[in-house]
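Following the hints, put chain L in place on chain A, whose structure we already have.
Quick note, the sequences are listed as chains A and L, same order. Under numbering that gives the first Met the number 0, residues 0 to 340 are what the first sequence spells out, in order. Under numbering that gives the first Met the number 0, residues 0 to 359 are what the second sequence spells out, in order.
Just to be clear, a hint being listed does not mean it is correct.
Unchecked claim - Keeping only pairs whose Cα atoms sit at most 25 Å apart, straight-line, the calculated DSS-like set for lysine-lysine is: (1) Lys110(L) - Lys40(L); (2) Lys98(A) - Lys255(L); (3) Lys220(A) - Lys52(A); (4) Lys98(A) - Lys28(A); (5) Lys255(L) - Lys84(A); (6) Lys28(A) - Lys146(A); (7) Lys146(A) - Lys110(L); (8) Lys112(A) - Lys255(L).
Treat the hints as calculated values from the structure; they're not laboratory data.
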Amino acid sequence: MSDITATAKNEQGMVNAVDSKDDYLLRVKDLCLHFRTTKGIVQAVDGVSFELKRRRSVAILGESGCGKTSLARAILRLLPRNVHKFTGEVWLNGTDVMKMSDEWFRQNVRWVKASMVSQAAMNALNPVLRVGYQVAEPLMIHLHMSKEQALQRAREMFRLVGVPEDFLHRYAFELSGGMRQRAILAMALVTRPDLIVLDEPTSALDMLTQANIFNALKDIKRQFDVGFILITHDISTSSDLADEVIIMYAGQLVEHSLAQTGYRAPLHPYARGLMASVPTLREDKRLEFIPGQPPSLISPPSGCRFAPRCPQRFERCAQEPPTFRVGEHGELVKCWLYAKD
Amino acid sequence: MDNLRRIGKYTLLRGVLIVITVAIGVYLTVIIATMGGYMDKIMASQIREQVGTILQGNEELRKLPPAELKLIIDQMVEQRMREYNLHTPWIVRSFRYLANALTLNLGMAEKVYSDSGSRQVRLILTERLPATLLLMVTANLIVFFSALFTALVLSRHYGSPLDRAVVALSPTSAAPAWFYGIFLILIFASVLRVLPYGGMVSIPPPKEPLAYALSVLKHLVLPVSAWFLAGIFSSVYYWRTFFLIYSSEDYVEMAKAKGLSSRAIERRYILRPTLPPIITSFGLMLITTWMGAIILENVFTWPGLGRLLQMAINLYDAPVIVGEVVIYAYLLGITVFLLDIAYAALDPRVKLGAGGRRPA
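Looking at chain A on its own, in the form it has when it is part of the complex (with noise of 0.2 Å):
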């Protein structure tokens, strides 16, 4: 539980950052990713922190347009044309990625250091290229292997993750949803990168197909020194891979909490009706949902983003914005509840 309250602390000041470089994969430190939009500035990510040990797994959950996917971006430097703020620090293994230039991002972060595995995999596939030569192309660019050579190891990766050998000379139209989306996740380990993003890998997928992906997720996570941030909708199949969980809340993070806890007793009320609003099979529950819509990331409320919908809200709530409390468990939240003061 140490790992999530450092965070805290580094937050409140009270323990300098000590640099335990190899400890961590993933240190973010006050993320904002901004866009502009013809109706104004849109707050995708607003001060986003959190901490990531190596080979553990985080599920990043929320409603549509909470912010989880422009957060993967942002790390990932994905960005659109009509960025406004884009600060912050991303440490990857103890480098502040932030630091450097797009192009030696590129040639030493991308896909060497962090890969991913897209949302839409339909289409994540270049329609006019063989499968086998899209999987082993970051090896001939980064590790400026032969194609031979290449090509043995996507083949490697495609025994790895379920996917026929020959199916490296097919397309992508002759591939079925899942055969795509595995070749995709060959594609993601081919570098053994440190870091994989998944976002939404399954969401596209029938029930059995995403099991069986999320099978293949979990071997790998056993065999790999790989940490993976999961962004998904389906709250119970993220359970299955996760270690730690995010809530994220209008562009910020409110809750930061392990496995064990933080899906069966969540702290922040935001959390509590995200988790009751999963459907347990066979069992007569009411399905919680929480009433009103996410504010506009425009003009968020001025106290907790969450206020205006909670049912638990007080007066400080609606003044002055929360800040990180660490729960029993070790969990952070950002919540007026928790204060002791």
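Below, chain L alone, put in the same frame as chain A:
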């Protein structure tokens, strides 16, 4: 082997279909050019008028009794009608026209002569073809490739001042090339006197090949510039939007995440998947090239197919009109046929003949 047979079958089928389409197109042209048989009546009355005029001039014949005179007139008309084959029913002749046209037996022009004095439609057309090709291919290639290249750069700098300028200027393409041509002639030929008003080569043509080429080049500048001005902005705008759409595909984002250089992304993830539509545009552009530009050629007195077509239409010269359309139809058919094959070669999703999956 099985694959090869399927490809052969598909190619044959496409070929036959295209030939049928071309035949239908040419037959429609025959009907239009002969006004569905009405042309025969025009021709007959023209012949009667001609014969009348000839006889009017002959003092001796005028003295003959009216009945005898009528007989002679009828004989002469009859003879000429036979010369033009006007006795055969129009519907029979229309199919004979079609057969001749399809075998490129284009026959004799009725009124138009070639510059060398021949009435053979084939000679008339081959004489005009190089001029049109020189002008249109030059102009179109310049527009096409400069637009494609500029668009690729602009799509990378979306929203930049240059990008906005091109978007703002794209409506200028609403005016046709000849419109710009008139202004260019006014400025560069009339006021500045640096470039010729029109024509393809100065008169008399220079003897030396190099001087000749330079003279042609000088004559080419204004019409090509007119074509360029009229086409470039909307073309760039079109391709830029096209590339913008395709560069927001998920696989392009994936390629970026993979750390490919922007040049590799452009080549393998933007240009390569969009090659089929680009090739289509290129093919269609080549087709328009064959027809020439009627008004532009007239404005610049350029001796091409476009001017010929206009002349033939004015003179009701059906064989020339049909001949020109036949060549055009054939070229269109061949282009479409080649495009089909290029598509199948470039895009693995396009299958030669619907034959299910490729063997694993």
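Now for the hints, and whether the structure bears them out:
The straight-line distance between the Cα atoms of Lys110(L) and Lys40(L) is roughly 17 Å, inside the 25 Å bound, and the hint therefore holds. Under the criterion of a C-alpha separation no larger than 25 Å, the hint pairing Lys98(A) with Lys255(L) is consistent with the structure, at around 19 Å. With a C-alpha separation of about 14 Å, the suggested pair Lys220(A) and Lys52(A) falls inside the 25 Å cut-off, and the hint holds. Proximity of Lys98(A) to Lys28(A) is assessed by CA-CA distance (about 13 Å); at most 25 Å being required, the pair is judged to hold.
Of the supplied pair hints, the one linking Lys255(L) and Lys84(A) holds, its CA atoms being roughly 21 Å apart against a limit of 25 Å. Distance hint between Lys28(A) and Lys146(A) is unfulfilled; the C-alpha atoms sit about 39 Å from each other, more than 25 Å. Restraint check for Lys146(A) and Lys110(L): the C-alpha separation of about 66 Å exceeds 25 Å, so the hint is violated. For the proposed pair Lys112(A) and Lys255(L), the alpha carbon gap of about 14 Å is at most 25 Å, so the pair holds.
In this structure, the hints that do not hold are numbers 6 and 7, in rising order.
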